[in-house]
Every structure is written in C-alpha cells, then in structure tokens.
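**Student:** Below, each chain spelled out in residue letters.
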Amino acid sequence: MHIDATEKKWIYLTFLMTFAGIGVLAAYAIKDNIYPPSNVETIDSAALHLSDEFNEDAIGVRREKDGSIRVTMVAARYGFFPQGITVPVDTPVKIRIASADVLHGIHTVDTNFNTMVVPGYVSEVNTTFKKTGTFPMFCNEYCGLGHDFMWARLTVVPKEKFKL
Amino acid sequence: MRTMRNLCVLLAMLGSGVVSGEPSSTVVWDSATRHLVANGDPVNGKEVADPCSACHGETGKAKVRPNFPLLAGQTAPYIYKQMMDYKEARRGHGIMQNFASSLSKKEIADVAAYFQSQALPPPVPAKVSERAARLVDKGDGPRLLPPCSACHGRDGKGAVVDVPALAGQRADYFIVTMQAYKSGERANDIYNRMRLIAQSLSDDEIDELAAYYAALDAGD
Ligand SMILES: [Cu+2]
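Here the protein sequences come in this chain order: B and F. To convert, note that position 28 of the first sequence is 28 in my numbering; the numbers rise steadily by one, no gaps. For any residue, its number in my numbering is found by taking its place in the second sequence, counting from 1, and adding 1000.
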C-alpha cells in the first residue's frame, strides 16, 4: 500500500503528539503525587451516625501512633463535619470521608486533596500539605440547592504550633 | 486532697464523655423505616391522636399554651423522628417523652400520617424583615449558612427525608426551639446540623426568622 510521504509525516507527528501529551500528564502525576482515589470500601450511609468510625464523637482529627495524622469527616447536605479541621504542615495525613446522604465531592485548590464522596462508600486520600494557611474545602459535586454553601475550612499550621 | 479532687473531676469528665458518646438520634432511614412511615394509617392515627388533642388540638393547630408547636401539615417522617427521639430520650421533654414512650412504632407512624394530612391554619400576617428573607433565600456564605429554603423547601413545607416544615409554625415555639439548639439543650439533630446554624444566628435574627415563617403562606 502506498502512503504519501507527507501523510506519513503527519501520522508520525500525531503519534508523537499523543505520546507527548500522555508523557506530560504522567510526569505531572508523578511529580505532584496525583492519583485517582482508589479506595473501595463500603459503608451504610443511612446509619453513618451510628457507625464506629463516623459517629458524631469519632469524627475530627487525631494523631496515629506513627506520628501521622488521621482525619475523619462526614459530608452531608449541606456541609462537611466537622466544619473546620487543623492539621500540621509537611506531615502525612490520611483523610477518610463518607457521605450521610447523596453524592458529594471535596476539593482543596492547589493541593491534591480532591475526591468524590459517594454514598455507600468510604473515600480515602493520603496526602501531605506543603503550605501553611487557611484554605477552603469545597464540595465539587452538585448535591442540591445548598451546594454553593457546602464548604469547610482547612487550616494548615507549622508543626510546632499543632495541638490536638 | 487536691489530687483526689482532680481525680474525681477527671472521672466525672470521663463519665460525661460516655454520655456524650451517645448518638444524637438512633433513627435510621433504612427501607423498612421509610416503608413504615410512608404507609402510616391516618384513620388509626386520629385515634392515637386523641390524648394529644388536649395540648396540640384535635387537628394539631390549637394554641392551648405558649410554646406548644403546631403539628398540622408537619411532615410525617419528621414527626416520626421526633417521637422516636423523645421515646429514646434523645430529645428531652418530660411530657412528650411520656407520651412517646407509650406508643409503638406503628402507632407513631399512624399519628404522624394523621397530623401530616391536616391543613395548616391561616398564616399570621407580620412585617417580614429583609434580613430574614435574605437568610431564607440566600443564606450567608462567610458564616457557612446555607439558605434555610435549601433544606426546608422554598415553600417552607419541609423536604426529604426528615427536614421539618416551618411554614405557619408558631413564632414562640420556633424561638424556644432555636434557642434550645443554640444552647445545645436540644441536640437530636445528627451531626449538629441545626445546632451549628442556630449558633451562628443572633437572637434578633432568630426572632425575625420566627416571624417570617409564622407569616409564610405555604398555600395548599
Ligand atoms: Cu455537597
């Protein structure tokens, strides 16, 4: 089969561009530690407030034995509970969040903390916050009329200022 | 002596920790409960409601005393949840706890269906403050306050699953119960949802919101 030389050039160029694109994505994903949240763990959303892990007294921030931080949160129309969390900078943080009602998401701009919160599942994100300051955590999945108001505060403090 | 006292305080704190470790409500909207409430029988509910009439009126709209809530037009799941919360002492009120304890889940579902089917009384005309209307329709972002209407409905008639109707609710009861959320005396809202909202409202705002909802004409 004859393929015109110019045509051939374009075919190679298309392949090159596609792989270059994938390469850029992969490089960023590796550099910034971006990955799809891949925790598949189920939970009964209707009885979330009675569960061991997500009951009203269990949610919040705590320190694990190995010095890392564990954050347990609930998303429910129209808020995240607790409404504000404080974590130390440059410290591994495991965030586990579940929905008490419908589909929500949670996202903090400029960090890789971004996950869907699907009713019936526990979402888990492992990250390390690199900048101190106060940042909003937004719901990024439309969940109803109060969706625009669904956000909470993330405060990242220097390690020595962090108290539980 | 001092260490003894500190120890006692510590033990008391641990003790109260156990109490606060209880969930704010044990009602779970699983399919069996939804089914039970959706199929409440208003005819039997009318009989169950007989002793209630002394305070709530036969159709749930009598104003026997100040601070008695309106039940007419209230959503059945909300009534069911409150009765269960009284029954299990998640919401405290001597009289209501006694009444709720004497009823079965089925009777509660029936009485809830009965009061839900009753028409609201005519709205109480009042001057509506702009501030209250803004909180209801727009909320207040910086205070993390969603609009009341996002949850309680544009018409104030409540929403799934157990968000109460507020339209036509008596202003005096509205204020008492909002203040009870604010102080934590009423704590049967899961994940503090109404408590957090009430805590970020001023007393004046609560009064104005009460007047707003008492005057709200939800139509039919
Ligand atoms: Cu949401």
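Honestly, I wouldn't trust all of these hints.
Computed beta-carbon distance windows for the label pairs [to be verified]:
#1 B/63 <-> F/1185: 25 to 35 Å
#2 F/1022 <-> B/18: 56 to 66 Å
#3 B/57 <-> F/1185: 14 to 24 Å
#4 F/1054 <-> B/161: 54 to 64 Å
#5 F/1067 <-> B/57: 44 to 54 Å
#6 B/103 <-> F/1133: 23 to 33 Å
#7 B/103 <-> F/1055: 38 to 48 Å
#8 F/1131 <-> B/53: 18 to 28 Å
#9 B/159 <-> F/1063: 56 to 66 Å
#10 F/1022 <-> B/160: 35 to 45 Å
#11 B/68 <-> F/1160: 36 to 46 Å
#12 F/1154 <-> B/10: 37 to 47 Å
Derived by calculation from the structure, the hints in this document are not laboratory data. Predicted model only: the values in this text are computed from it and were never measured. C-beta atoms are modelled at their ideal positions from N, C-alpha and C, and glycine is treated no differently.
**Student:** Next step is simple, just say for each hint if it's right about the structure.
**Tutor:** Each hint, compared with the structure:
no., hint, in the structure
1, B/63 <-> F/1185: 25 to 35 Å, "holds, 33 Å"
2, F/1022 <-> B/18: 56 to 66 Å, "holds, 58 Å"
3, B/57 <-> F/1185: 14 to 24 Å, "holds, 19 Å"
4, F/1054 <-> B/161: 54 to 64 Å, "holds, 59 Å"
5, F/1067 <-> B/57: 44 to 54 Å, "violated, 31 Å"
6, B/103 <-> F/1133: 23 to 33 Å, "holds, 30 Å"
7, B/103 <-> F/1055: 38 to 48 Å, "holds, 42 Å"
8, F/1131 <-> B/53: 18 to 28 Å, "violated, 40 Å"
9, B/159 <-> F/1063: 56 to 66 Å, "holds, 59 Å"
10, F/1022 <-> B/160: 35 to 45 Å, "holds, 36 Å"
11, B/68 <-> F/1160: 36 to 46 Å, "holds, 39 Å"
12, F/1154 <-> B/10: 37 to 47 Å, "violated, 57 Å"
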